[in-house]
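Number of protein chains: 6
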Amino acid sequence: MRPSGRQADEMRAVSLERGVAPKAEGSCLVTFGGTKVYVTATVETTLPSWRRNSGLGWVTAEYGMLPRATDQRTRREAAAGKQSGRTQEIQRLIGRSLRAVVDMQALGENQITLDCDVLEADGGTRTASITGAYVALVDAVRWLEARGLTKGPHVLRDSLAAVSCGIYRGVPVLDLDYLEDSEAHTDANFVMTGEGRFVEIQGTAEQVPFSRAELDSLMGLAEKGINALTVLQKAALA
Amino acid sequence: MRPSGRQADEMRAVSLERGVAPKAEGSCLVTFGGTKVYVTATVETTLPSWRRNSGLGWVTAEYGMLPRATDQRTRREAAAGKQSGRTQEIQRLIGRSLRAVVDMQALGENQITLDCDVLEADGGTRTASITGAYVALVDAVRWLEARGLTKGPHVLRDSLAAVSCGIYRGVPVLDLDYLEDSEAHTDANFVMTGEGRFVEIQGTAEQVPFSRAELDSLMGLAEKGINALTVLQKAALA
Amino acid sequence: MRPSGRQADEMRAVSLERGVAPKAEGSCLVTFGGTKVYVTATVETTLPSWRRNSGLGWVTAEYGMLPRATDQRTRREAAAGKQSGRTQEIQRLIGRSLRAVVDMQALGENQITLDCDVLEADGGTRTASITGAYVALVDAVRWLEARGLTKGPHVLRDSLAAVSCGIYRGVPVLDLDYLEDSEAHTDANFVMTGEGRFVEIQGTAEQVPFSRAELDSLMGLAEKGINALTVLQKAALA
Amino acid sequence: MRPSGRQADEMRAVSLERGVAPKAEGSCLVTFGGTKVYVTATVETTLPSWRRNSGLGWVTAEYGMLPRATDQRTRREAAAGKQSGRTQEIQRLIGRSLRAVVDMQALGENQITLDCDVLEADGGTRTASITGAYVALVDAVRWLEARGLTKGPHVLRDSLAAVSCGIYRGVPVLDLDYLEDSEAHTDANFVMTGEGRFVEIQGTAEQVPFSRAELDSLMGLAEKGINALTVLQKAALA
Amino acid sequence: MRPSGRQADEMRAVSLERGVAPKAEGSCLVTFGGTKVYVTATVETTLPSWRRNSGLGWVTAEYGMLPRATDQRTRREAAAGKQSGRTQEIQRLIGRSLRAVVDMQALGENQITLDCDVLEADGGTRTASITGAYVALVDAVRWLEARGLTKGPHVLRDSLAAVSCGIYRGVPVLDLDYLEDSEAHTDANFVMTGEGRFVEIQGTAEQVPFSRAELDSLMGLAEKGINALTVLQKAALA
Amino acid sequence: MRPSGRQADEMRAVSLERGVAPKAEGSCLVTFGGTKVYVTATVETTLPSWRRNSGLGWVTAEYGMLPRATDQRTRREAAAGKQSGRTQEIQRLIGRSLRAVVDMQALGENQITLDCDVLEADGGTRTASITGAYVALVDAVRWLEARGLTKGPHVLRDSLAAVSCGIYRGVPVLDLDYLEDSEAHTDANFVMTGEGRFVEIQGTAEQVPFSRAELDSLMGLAEKGINALTVLQKAALA
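Chains as they are written, first to last, in the numbering used here: chain A, 801 to 1038; chain B, 801 to 1038; chain C, 801 to 1038; chain D, 801 to 1038; chain E, 801 to 1038; chain F, 801 to 1038.
Next comes chain A alone, as it looks inside the complex (with noise of 0.2 Å):
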């Protein structure tokens, strides 16, 4: 059983609150449970300099966590004066990832950044960032079109949302909170497009190496997850 008593195939409550960010171009709030991110789309007619001139956009993400967003509270990175390794680690998942749907000859020379603050952390905050970020950013691409600035047609290939699965007391689960994910053996994160093809896989083995019948489980999992972020997704921008 659950800590939550979810079913195993079962999410958590997702909610996604579109424009939270008055002065942003593009925002939402999304909660997982509770998880909850605050995230904008900033978009600006700058590109960084090894970019400039090439016809191509570009997309990146910030991750940060408020410092009480955690049980104990957690030091502030501006204070300590970096970025943790896990946070760097986040935030190239969540602009490679978004990347992946973007084609940047339609986009043209613009840049659109993700800011993905966690408010809240209760297991899943990279996959509940990618999910909402997905939607800032079609709010952000929306703006350019709105403007004329963009260059093509379909600037966004496909949706994308994110999940993560893990194999916890030995049954394969969806959407790991905390306590699982504590717990888990085996961990992994999808992130998908609407259209079920994967942009990223990322599994870890806890403690007990897991074999390739579990990784198609959680799979199979992932798909289901994606499929329901999905719907989500496309009723908040409607």
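Incorrect hints may appear among the rest.
You can't tell identical chains apart in this list, so a pair holds if it fits in one copy or across any two.
[Unchecked claim] SDA-like, lysine to any residue: derived pairs with alpha carbons at most 25 Å apart:
| hint | residue 1 | residue 2 |
| --- | --- | --- |
| 1 | K1034 | M811 |
| 2 | K1034 | G834 |
| 3 | K882 | Q872 |
| 4 | K1034 | R1012 |
| 5 | K882 | T870 |
Because the hints were derived from the structure by calculation, they are not lab data.
Place chains B, C, D, E and F on chain A using the hints.
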């Protein structure tokens, strides 16, 4: 006339929402018009090393701004690798102000950290932070009292709130928003107790030095604003 | 009684020695009793990039303390790898204060940097720094004028000086030394022009909040001190 | 056709030279074709503070690249003042992977640090690092065992190796070199045990999302590659 | 002919003013012509952790330059966030040199830190620093002896001074000033004891390698300069 | 007797292996007994900004040590976030020494960077680095010459090598290894040209100041060692 259409002595709409952070011992989402700050209070039973075995507690604060709290995206301080001088100045002000109403002996050897993270910035982020931080602090003290962890009866000697005033187009006005703040030739922040005594005054001439009479009129406005904030704090904490 | 035996409204011995740094365009060794600050003014004909081509000049300041300016050796900030929050707060104050008396259009596209390095610290290092920096600034402006590098007749709109006051053992006193500062329950810094207008007021209750009447009496003392400093500045610059 | 003329399922020439670092408790110079990594294992009998008195050991890794391991000189991270996000991500992966085959109770309160320094980089530096680090780790464990410093019989539960696969010009291929890696539209790293179980999978779509069938074919290649590496590791350690 | 009109073997005017820093246990304002260094010696009864319980003391040094010690303003190292390689090299030299004349056993478990801050730089700042630091060190040792805090009779085994020499327009000259130093094709620093033995020699060919005969002639000049400095140190310390 | 059984004037076995780094324009694996340094030379056709459009080239060096080059693991400088003072001192020495034999006009506006990474450290890492860096530098210059990218015929004015000497148990000895270096009371590094002129001398008394006679005997040993190294360099470069 003020850009917002407010009267000279009229504050923006203020709200104080307690308990927004489920994991923190105290929290408050404070809004002053378009300024929104998410404040958490963290209780720790360990002190910084220089304070240990003194029989006294400690209260400190940290301040940050989400990158897109502002019209233009601000660089994330964790990515920049340091807190700006402005950030440090503000967090030092918040901590110092709160300490002025705390009886450190009664608090006992506990530390309370106030984290003030600005979600939206439209002027007055430091005064909103202090006003909201007081509310979160009260809850953190109550949390300690409920567990018998304090060492005396009146940990908080008085309530505390803050407001800015300034001279905008020649007229002293209360609670500057961003548009006014950018243009005001004098800008002053007042931190006061519920009983109307001063904890901190910071007055700055941006362009034109100000007279004692002008300062007096700003003080009068500040007293009015603090009274209103004190009433709202009492209501929020009831 | 004050530890130094001074009257409540009596300043420490103040001296302003011009031209101590032979390479700088302006300089001043300023002493307020046991506090000694070495100030240099550097003229540069290049501006920070954000200020270029604006037709306006810029004035900025940096502050530092030699490690053994204090009773206990203080860690060297260059070795620590960063300036403390206190240092940044002080240097921001010095720069902001000086800018309030400078006509940036008349200054033209020149930058003047005031470096204030404390050789000995006995309270009031920021007020001594501002008072001495004004003297060095005048010499730097004269240096520019002598070379025809300014763009208007009255680069400096007024003179500028600063002094601290505080409530020491219940009595408002002028120009706190270190012993008084450590114990005072209210401490206020006043930056004022030669004509008696305010450029900056920073009042802080260390323990006990202060009343408007107390603030008024501190302002009265400050006006007296600033008058005396203005006379000394005029003499030094004659 | 692959740039190197290899078959789709053909690895580059791999060598594992043990004992290259005379001062280290374990070491291995590993080459995967034109990729060469110098790995040392350091045994320390002290643990990081958070791990002390737990009865458990610890295994960690650090990764670096000599500036001229690449075609263009890369900036030295020590001179830049920080490790890049990529470096941190890789060293976290190496450490996490190795820990998955270590019985921390049997290891006892000892720490083993694997330093992986890339002398030449031609794709697959992280997989070569893991494969060589396992060899160095075995020698470090033997060093501890020879001195009676371990606490149980089977410190290492299984062997460990890693290989990358990718889809290059539409064809799944094994062990990408730099030319292939730059162009591949999907790139996956597999860390597996000698018994064929997964410790880590990281699959990334660089441009085109991949299907489950494609991932399956990459897994098949990886299993083949890991088998070959396991044979070489056994030979090197005999 | 030298720019200053000095003879080849003529030092600049040297002065050693003791006791300039009222709070320090030792201090010296040293001038070598237009070079002026403010040196303080701080006694602490705690040692760095790696030196504790060894029965031995420690002497160390830090070096800094006020921003406007030079013709062009130099960036403040505290603001830059690190000490330059040059600064570190100089402060390591000063500390190492002083340690060579200290009997660490006789010093006992005390630490003396020499802070050398350059007020004006006109060549030879490191040699002036060492020469002045020896004077401050003597006073610090006397301070310890007066309190019975040393552990043996002869803490200082000899006196110590330093001077630079160089080959300027083909002629070996003593005590280079900045103009000479910029142009000299060989530059050498000598740190010697009062008895005429060498503690440190650093000779550098800026453009043209030098011969053993040239080095010999520089050594001869150095001995002459050190003798003169030793006489001045004795007088200052009498 | 020396720990290694060598004669007082006997160097360790030295080898210079050219071309070890296939991607670099020059490289050399240099060993002095148990000291092994991997040196690469990188040619870039861009110069640091302060050197551009001067018609002159530039040569610089960076130095690092793999963590387990030493008996005890040394902390990785990239992880520590800065290069130590020792590292900076050494890399400044290497760069300065090499520049002394380069005709910058003949080199033309090209930059050559020498990276010296110590794989094993047994004393003399800086002298081995210089000796090997000269070999790599020659190959980099030849690379430029072969492409017609130099501006004059004799880019290198002479060859360059370095060796350490010291007084070990009262006897002057050549080429100190780590055991000798730890105990020697005087330690000197000599950088000399093939023609026997000095480029850099750094002599340090670790405990006991040294006499001019002792320095002379060290110089004699150094000349002998440099002669031997020059022969080996010629052979390697033939």
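Results of checking the hints against the structure:
no., hint, result
1, K1034 - M811, "within (17 Å within a copy, 40 Å between copies)"
2, K1034 - G834, "within (22 Å within a copy, 29 Å between copies)"
3, K882 - Q872, "both (20 Å within a copy, 23 Å between copies)"
4, K1034 - R1012, "between (33 Å within a copy, 24 Å between copies)"
5, K882 - T870, "both (19 Å within a copy, 22 Å between copies)"
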